[in-house]
Amino acid sequence: MSLLTLENVSVEIAEKLILDNISLRVERGELLSIIGPNGAGKSTLLKVILGLISKTSGKLIKLPGLRFGYVPQKLKINAFVPISVMRFLQLLPDKYQARMSVVCNDLGINNLLDKPIHNLSGGELQKVLLARALLNKPDILFLDEPAQGVDLNGQNKLYELIARNKAKYNCAVVMVSHDLHVVMSGTDKVICLNQHICCQGLPQEIAQNPKFLEIFGAENSRLALYTHQHNHQHNLDGSVET
Amino acid sequence: MNFLVQYNFIFRAIFAGVAVAALSGPLGCIMSYRQMAYFGDTLAHATLLGLALALLLNINIYLGLVSVCLLVAVVVSYLFDNAKIANDTVLGILSHFTLSLGLVLATFVRGAKLDLLAYLYGDILAVNNTDLIYIAIVMLIIMLSLSRLWNKIISAVISPEIAHCEGVNIRLMQHTFTLLLTLVFAVAIKIVGVLLLTSLLIIPAAAARFYAKSPFSMAVIASSIGVGSVIIGMFLSLLFDWPAGPAIVISSAFAFFTAYAQYKVIH
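Protein sequences appear in the order of chains S and F.
Using the numbering used here, the letters of the first sequence correspond one by one to residues 1 to 242.
Using the numbering used here, the letters of the second sequence correspond one by one to residues 243 to 509.
Just so you know, nobody snuck in bad clues.
Mimicking DSSO-like on lysine-lysine, the simulated pairs with C-alpha atoms at most 30 Å apart in a straight line are:
#: 1; chain 1: S; residue 1: 74; chain 2: F; residue 2: 326
#: 2; chain 1: S; residue 1: 168; chain 2: S; residue 2: 157
#: 3; chain 1: S; residue 1: 115; chain 2: F; residue 2: 506
#: 4; chain 1: F; residue 1: 455; chain 2: S; residue 2: 76
#: 5; chain 1: S; residue 1: 137; chain 2: S; residue 2: 189
#: 6; chain 1: F; residue 1: 455; chain 2: S; residue 2: 115
#: 7; chain 1: S; residue 1: 16; chain 2: F; residue 2: 326
#: 8; chain 1: F; residue 1: 326; chain 2: S; residue 2: 55
#: 9; chain 1: F; residue 1: 455; chain 2: S; residue 2: 74
No lab work stands behind these hints, which were simulated from the structure alone.
Can you build the whole structure from these sequences, using the hints too?
Written as structure tokens, this is what we have:
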């Protein structure tokens, strides 16, 4: 059985159709990329699945006891709350603290733990939010444009981290991206969304799909897979490590 | 010994003031995180309506007060969701409507049962043993609730979206907080009065913000500042015959400005 099934889900907000007849499945261990132009309803789709926005019609079937991890596109962290990264992660119930040291090591955020969460850079905050999502022992990890505000080198590292943790905890990952050119390597399925699902399938199939070309234009036809080359490392000053 | 018996109203007052100020610390912090000062004021004003109604209907004043506050909270949340009016306008309407209605209804209460000034500005020296029992009950409820729900409430305040995905019931947390707030208001009226209720929560929390590194430490510091303000305020009141409620509020405001000045000097 799929972890999650959407059947003909539609969403209207203020009498405006945002999502039209969406059907999809999420299977354990798969990496699903959702791409589409701005305003296509990608973030709304995640929020409907997470129960943050209610659907107007259709069915949403979840495996009982399904746990979610969510890294929002833009997190408005309440600026009035004084809190360190450590305390922020400790807000989860005790039984979810077990992974703490492993997750912090894996994501390389040990040096951030004592910092106030408001002082983090965009990339640092993304990693902390990813850590919190992983601590929650998710069956599905939802990432809404996780690489936003992260430089290219950081993006590669972030994608690598996501792939590693997906394998480690055997969870599904649903990732939203508005960058049509880049779909993370290891993507099992791409859903191309523009209010409705234009097309879906393997990354290489999508790139050739006439509907994809029609909606996103020929210049986007080169759907690139991100593949990270492990042949060198950078020093802090940017020079290549030898 | 004779001294203790003669002045035991002072000890009752100190106990009540210290207990209520200590409880106000954590609730004040949450109130300041959620920018609920005006909502707090609305509930506080509604307490007078509750009081007047309870006296007119001859029911337990705490019961009347808490029910009316919760009813007003429901109306506020309904109007927030449904009336296409800015939230602070909604609060402005209800805050002053409930206060006015309370003041008018109070004139129907016969005899000397309702000392309006005592309710508006507090009368800490009139705390009696029944009040102390209610304070103890409220203290127990709030400490039990907060010890169980603190992390969830803070999670919900920092990011409702993430908390929701982790299975925290945001609405339930909000309603629980409103209930706890109402309970503290109910027992705090005697200390500072209806008009100054929110200041007991907001000002110590605001002062604590300059020292705190976590919500928990902020709550502890806010409670301490609150307790200190109550003691100093009562001292000023006894020494110079100031009204106790305003003296307490002035003390805590002094703590706030001192904390702010100190913070500015350091940073």
